[in-house]
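*Asks:* Sequence:
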Amino acid sequence: MLNSDKIIKVIVFDDDILLGNMIVSILKEEKMEAVYQSSLYGAKEAVLSFEPDIIVLDVEMGEDSGIDFASEMQSRGITTPILFVSSHVRGYEVAQGIQAGGKVYIKKPFDMEELIVYIRQYACSSSGHSHLINFGRLQLNKETRDLFLENRLIKKLSKIEYQILLLLIEKQGEVVPRSRFFKEIWDDCDIYDASLNNFISKLRAFLLLDDSLTIRTLPDIGYMLFIDERNGNN
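169 is the number that UniProt numbering gives to position 169 of the sequence shown; each next residue is one higher, with no gaps.
Please keep in mind that the hints were generated in silico from the structure rather than gathered at the bench.
It is possible that part of the hints are untrue.
Once the Cα atoms are required to be at most 30 Å apart in a straight line, the calculated DSSO-like pairs of lysine-lysine come out as [what the hints assert, rightly or not]:
hint : residue 1 : residue 2
1    : K142      : K6
2    : K155      : K6
3    : K202      : K31
4    : K142      : K159
5    : K31       : K155
6    : K107      : K171
Distance windows between CB atoms, simulated [said to hold, decoys possible]:
hint : residue 1 : residue 2 : range
7    : P219      : K171      : 13 to 21 Å
8    : A205      : E229      : 17 to 25 Å
9    : E113      : I17       : 17 to 25 Å
10   : L18       : G173      : 26 to 34 Å
In this text, a Cβ means the ideal position worked out from N, Cα and C, and glycines have one as well.
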């Protein structure tokens with residue numbers, strides 16, 4: 001099981017040597033253990049030897065296919081999470097990557113912060129870590145405050161947005177009194193009702209991405225997170 005003290009191990013396969021070395025350098029700055037290969041020659045042996053928590057895999061590795069390599073690994077029972085990276089993002093290409101066991105298919109050029117978020121998410125979740133809360137089609141990472149829709153990063157919540165949403169999720173289907181928000185989040189400090197209302201409005205905008213999720217208002221009482229399971233998204 002991966003715990004918060006364990007260093008995340010990442011193996012990067014990309015035939016762009018400059019990019020591959022840059023990724024590894026940045027991951028090391030993030031206190032990860034990272035290694036790089038510019039080809040798929042001996043890739044399976046490298047994975048078995050290094051035992052990474054996650055693999056970053058280019059779809060096109062010269063004349064070799066990262067998707068074919070992922071499929072072969074899957075057929076051999078190697079279930080290490082894979083993040084595909086590619087400049088080719090047509091629908092059928094993405095579908096092939098996901099079918100081959102990819103967790104996410106990231107378009108090149110990408111932001112390294114985005115890649116790091118996905119690495120931390122899937123390296124942790126694949127190892128039995130419990131930092132992810134699933135509700136509807138959304139996921140909330142309790143360590144990073146990142147909000148995902150079907151594994152695609154939507155937004156890094158502010159501390160207060162996160163605290164409000166977490167309280168609503170924990171009390172899903174129950175009314176959370178306004179007084180409880182004020183007590184647990186603001187420690188009963190002077191706070192205007194409008195401030196809470198504004199944060200709720202922001203969260204509602206994010207939840208619009210999943211029509212099974214609703215934050216209901218009970219005037220002068222509080223709020224409730226409702227999940228419509230009839231949509232089959234929970």
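*Asks:* None of the hints should be skipped; say for each whether it holds.
*Replies:* So, going through the hints one by one against the coordinates:
1. K142 x K6: At roughly 17 Å apart (the allowed maximum being 30 Å), K6 and K142 satisfy the hint.
2. K155 x K6: holds, 26 Å
3. K202 x K31: Violated. K202 to K31 sits at ~33 Å, over the 30 Å cutoff.
4. K142 x K159: Since the Cα atoms of K142 and K159 sit roughly 11 Å apart, the hinted pair holds (cutoff 30 Å).
5. K31 x K155: holds, 24 Å
6. K107 x K171: Not OK: K107 and K171 at ~37 Å, beyond 30 Å, violated.
7. P219 x K171: 13 to 21 Å: With a Cβ separation near 18 Å, P219 and K171 satisfy 13 to 21 Å, so the hint holds.
8. A205 x E229: 17 to 25 Å: holds, 23 Å
9. E113 x I17: 17 to 25 Å: holds, 22 Å
10. L18 x G173: 26 to 34 Å: 52 Å Cβ-Cβ, so the 26 to 34 Å window is violated.
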